[in-house]
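Chemist: Below are the chains, spelled out letter by letter.
Protein chains: 2
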Amino acid sequence: MSISAQFDFAPLLPAGLPAPAARWTGLAKYSFVGGNNDPDGIPVDGLIEAVNAVLKREGKALATYNLAHGPQGYRPLREFLTQKLKRDAGIACTPDDILIVSGSLQALDLVNHTLLARGDTVLIEQESYEGALKRLTRLGVNAVGIPLDSDGMRMDALASALADHKRRGITPKYIYTIPTVQNPTGSILPEARRAEMLKLSQQYGVPIFEDDCYADLVWSGERPPAIYAMSKHGGVIHIGSFSKSIAPALRVGFIVAPWAMMSRMLALKTDAGSGALEQMVLAEFCAPHFTTHVPRLTRGLGAKLDTLMEALSEQFGTAAEFEAPKGGIFLWVKLPDNVDTLKLYQAALAAGVSINPGPEWSTDRSYSTSRLRLCFASPSHQEIRDGVAVLAEVCRREFGVPARSANVEKRA
Amino acid sequence: MSISAQFDFAPLLPAGLPAPAARWTGLAKYSFVGGNNDPDGIPVDGLIEAVNAVLKREGKALATYNLAHGPQGYRPLREFLTQKLKRDAGIACTPDDILIVSGSLQALDLVNHTLLARGDTVLIEQESYEGALKRLTRLGVNAVGIPLDSDGMRMDALASALADHKRRGITPKYIYTIPTVQNPTGSILPEARRAEMLKLSQQYGVPIFEDDCYADLVWSGERPPAIYAMSKHGGVIHIGSFSKSIAPALRVGFIVAPWAMMSRMLALKTDAGSGALEQMVLAEFCAPHFTTHVPRLTRGLGAKLDTLMEALSEQFGTAAEFEAPKGGIFLWVKLPDNVDTLKLYQAALAAGVSINPGPEWSTDRSYSTSRLRLCFASPSHQEIRDGVAVLAEVCRREFGVPARSANVEKRA
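Protein sequences, first through last, are from chains A and B. The first sequence begins at 986 in this note's numbering and counts up by one. The second sequence begins at 986 in this note's numbering and counts up by one.
Please note that a few of the clues may not be correct.
[As the list claims (entries may be wrong)] Taking beta-carbon pairs under 7 Å as the criterion, some of the chain A residues facing chain B (in silico): (1) Asn1021; (2) Ala1053; (3) Lys1184.
[To be verified] Result set (PhoX-like, lysine-lysine): computed pairs, CA atoms no more than 25 Å apart in a straight line: (4) Lys1217/B - Lys1014/B; (5) Lys1041/A - Lys1041/B; (6) Lys1319/B - Lys1045/A; (7) Lys1184/A - Lys1328/A; (8) Lys1041/A - Lys1045/B; (9) Lys1014/B - Lys1045/A.
No wet-lab data here; the hints were simulated from the structure. Glycine residues also receive a C-beta, built at the ideal position from the N, C-alpha and C atoms.
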């Protein structure tokens, strides 16, 4: 076939498409990116036991879309969630208040498509999940960052932003928050701030979009009630996921929302249901095992965090500043002001280390330029140590920091 | 909590949202709708065997998004598909040409979002899949129906439509076809027409969007090569699914496309991958068992079709006209001209029978008003007989047809 015979799709593409993807070339040797989990934390034997039981009992139901449980998903999984959400997050809801989705990313899409139009404004933690920020950019929505401190979103700043927008005649479409193990900072919003946020939400008629996808991974095992649970006015949309507590590749998340939102999101969920086998396996596994599995998982994650913090201290010395997160799978790190983490990202990738550069996780470019996110769940302890050493070498070569410190020399 | 305290989402909703969903109330007693499959056709034991093997071997990989196989999906499943597509459809492709998606509905969305903008035109079989038609309506795209005969899309009509649009300065964005077991008519487009379609596609610079999701379910086991396989210019996008051959609730489909399209669709597939467990189970099961499973499945489906056609003849006599489909899970039926199947749908539903009214499956309202689609895979033989009897009673009550025939009286 000659080149000239090739069909040309280019003239048919509409305006505004994102740039084409590049060919996938595999994960970096030392990968500190992505919400990947600890391979040793996957409860493989328990999942096998669960899948055998549920397929033997209900396998023929796979012949029917949604297992004939309707578009909100496999009912036993929604029943497990009502118990789990009550126990862990204080949420009183029924299976009819829950929609099972294909990962919390589909939850983001459904909430966004229900509420947002081009030109709208939302309020969001100044440092936030890159996937949420990128979606807003693509939708042409103005994401206004609210500064954080070590207890999460600052309520004084939120109150100011709401008042300021009201003066300008703008009603933000929602306040997006990751209150429990904030991404990327790892903080937990205290109960008093949650109450304050709810007060502001009601006062200004702006709903709260609560993303609790990391909330199971709290070192202490204790967390404040979900904002959804504390709401008396029903203006909260709550989402969560099994990606962090069980396995990200399963792609199962959920939305808890009032029917006024749920009925709109259902109308937009035109995928004939999320994967049923994964819902079946999760329900069967989680009902008996979730509460013993999660503490085992978080112990392993906590140990990896310790390794990461030790490696950073050893390799970067005082050049790397961070606050230990209260749970989760990532550490938010400040490097010296002269380090541009977008450039560091490129140089490190060439050396086999992938990191999340700060500007992709923030609405404030200058604040985030010298910051980065490091995910620690997926690499082994040895890979964490080796990867951080390579990262320090690259950073030193590119930016002159960290200096060859006493710590580093001691290793020789 | 007082009613007045309820948060009101309504002022926040953007224009153009679809109507809110109604609460799900379960399937009809006699359900002749939806692409549901035969519960007895689900290879439960084989799936259990497969899931045990693959989870024991690769279960820990669930800790990594996409099982670390990249955004195009689990590689062994793509490898199985290259062999299957070569053997069954004559398609020569590599795993890099395949994207695993969450059911062929996600394939429709990805192709549509890559090519279509509001106001665009596409050419589509005059009777076609309701989900495809509805998507085009929502996107504000003009779907121009090309008439069918018993061999599928008429090439004289396609040539005329292309010429007509060219005269008016309009380039349709694609020609959408379900050539192999057409939905809803069950025809198979002969090879000569496929060649003619390709010639027209190249002549007018309009790509072909080939939806082969029913193509495994051909009674004879033989089918013409896929249009994708016959193309020499690369202007074909091919999609398929495991919904009909294995189980719809799994939500696994695939796209085969040139990189010019693939790279754009990958950029739009922001769901962090489709469900991995389902991909793993399918690969593990299908590689050894697909070729023996499918003929067993289609034998069962063919028997149900026979039951349905017998029941229609018995209950409706000559009032129900149909042509036996060459495969698949549905029958397209013509009732007397005075029957409005949208009204019949409502009345039948109230009597416990769900049907697909013709106008939802056609671009031509007047042609389709007295037609309906009946899916026969999911109900049992007895349910088929009983459901058709109820449908005939309702139709007689509402429209006076079928008359009480000799056949019906004989049953008393």
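Chemist: Holds or violated: Lys1217/B with Lys1014/B, Cα cutoff 25 Å?
Modeler: Judged against 25 Å, a Cα distance of about 49 Å means the pair is violated.
Chemist: Does Asn1021/A pass the interface check with chain B, least Cβ-Cβ distance below 7 Å?
Modeler: holds, 5 Å
Chemist: Using 7 Å as the Cβ threshold, decide whether Lys1184/A counts as touching chain B.
Modeler: Hint on Lys1184/A: violated, closest Cβ of chain B at ~13 Å, above 7 Å.
Chemist: Check the hint pairing Lys1319/B with Lys1045/A against an upper bound of 25 Å on the C-alpha distance.
Modeler: At roughly 32 Å apart (the allowed maximum being 25 Å), Lys1045/A and Lys1319/B break the hint.
Chemist: Checking one constraint from the list: CA of Lys1014/B to CA of Lys1045/A, max 25 Å. Satisfied?
Modeler: holds, 18 Å
Chemist: Next item in the hint list is Ala1053/A. Is there a CB on chain B closer than 7 Å to its CB?
Modeler: holds, 6 Å
Chemist: Within 25 Å, alpha carbon to alpha carbon, are Lys1041/A and Lys1045/B?
Modeler: Measuring from Cα to Cα gives roughly 23 Å; hence the hint holds.
Chemist: Would you check the hint for Lys1184/A and Lys1328/A, treating anything up to 25 Å between C-alpha atoms as holding?
Modeler: Given pair Lys1184/A, Lys1328/A is violated - Cα atoms ~42 Å apart, limit 25 Å.
Chemist: Is Lys1041/A close enough to Lys1041/B, meaning Cα to Cα at most 25 Å?
Modeler: Given that 25 Å is the threshold and the Cα spacing comes to 18 Å, the pair holds.
In the structure shown, a violation is registered for the earlier hints numbered 3, 4, 6 and 7, in ascending order.
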